[in-house]
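**Q** Sequence:
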Amino acid sequence: MKNFSLALALALALALPLPALAQSQTPFGTLPAVTSSALVDTIPVTSDNGINDHKIAIGNLFKTTRYADFQAPSYGDAVGAVPQTNNLAATGFMHWTFSGTAATNENYVRYEWAVPDDIDTTAGIGSLKITRFKFSTAGTSNSQINFHVAYGASATSAARTPTLAGHVLFNVTPATAAANDIFEATAVTIAASSALTAGQHLVIEIARDGADTNNDAMTDAFLRLEYPATK
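According to our numbering, the sequence shown holds residues 18 to 248 in order.
Heads up, some of the hints might be wrong.
Label-pair distances were calculated between CB atoms; the ranges are [as the list claims (entries may be wrong)]:
| no. | residue 1 | residue 2 | range |
| --- | --- | --- | --- |
| 1 | Ser174 | Asp198 | 42 to 52 Å |
| 2 | Val99 | Ala195 | 19 to 29 Å |
| 3 | Thr193 | Ser171 | 13 to 23 Å |
| 4 | Ala140 | Lys248 | 12 to 22 Å |
| 5 | Ala209 | Leu105 | 23 to 33 Å |
| 6 | Ala175 | Lys248 | 22 to 32 Å |
| 7 | Gly216 | Ala120 | 25 to 35 Å |
Treat the hints as calculated values from the structure; they're not laboratory data.
Virtual Cβ for every residue (Gly too), placed ideally from N, Cα, C.
Use the sequences and the hints to build the structure in full.
**A** And the structure:
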């Protein structure tokens, strides 16, 4: 009887039709089997401020948005923007304070990085962006604060400090402000990903425009970047 049952189960299993393509289960239900580019945009995408945005592309590729966090700048101009403290126990350790009145060419910090190896450089796919740039203010002014962001990349054997491009203006206007309050700028495009080359040395500059109407000094606190990726 035991052998008969095993034989029957095997026969039934062999008789069942096999699915042509495996499909994945997600919180949204079953994803469609991707057989053409026309199906890519039919797959649901999350809506949680981009933290889990994703789509599936043909060829078993997974397209997503990746993030990189920077605790502090790599260096600054040390004229308008100056190191806040070398005290390991202080909140401002490794951070830089921007002048409230200096021009952008002597009031900047720079972040050194490498263009990510998994960046998707397909034309029109997306951009390298500032997701969040957090900073604190030394005063109480609620006037507009202007910054500029620029970038440059160096190939192997090229100069470590590349020629910077972009110089995109972005601003923040505090509704209210008290000394040492945190503010942030969000969703600032630095460059199209198609303008970048994976692996190159990348420098990102954030400069404070002292010609704005806010004369309070500002200190960087945190930077998060985002970029489109494929794996």
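**Q** Take the hints in turn and mark each one as holding or not.
**A** Going down the list of hints, with the structure as the test:
1. Ser174 with Asp198: 42 to 52 Å: Between Ser174 and Asp198, where Cβ atoms are some 45 Å apart, the hint holds.
2. Val99 with Ala195: 19 to 29 Å: holds, 22 Å
3. Thr193 with Ser171: 13 to 23 Å: About 42 Å separates the Cβ atoms of Thr193 and Ser171, which means 13 to 23 Å is violated.
4. Ala140 with Lys248: 12 to 22 Å: With a Cβ separation near 19 Å, Ala140 and Lys248 satisfy 12 to 22 Å, so the hint holds.
5. Ala209 with Leu105: 23 to 33 Å: Cβ of Ala209 to Cβ of Leu105: about 40 Å, so the range 23 to 33 Å is violated.
6. Ala175 with Lys248: 22 to 32 Å: Hint holds: Cβ distance 28 Å, inside 22 to 32 Å.
7. Gly216 with Ala120: 25 to 35 Å: Since the Cβ atoms of Gly216 and Ala120 sit about 34 Å apart, the hinted range of 25 to 35 Å holds.
Checked against the numbered hints listed earlier, the structure breaks hints 3, 5; every other hint is satisfied.
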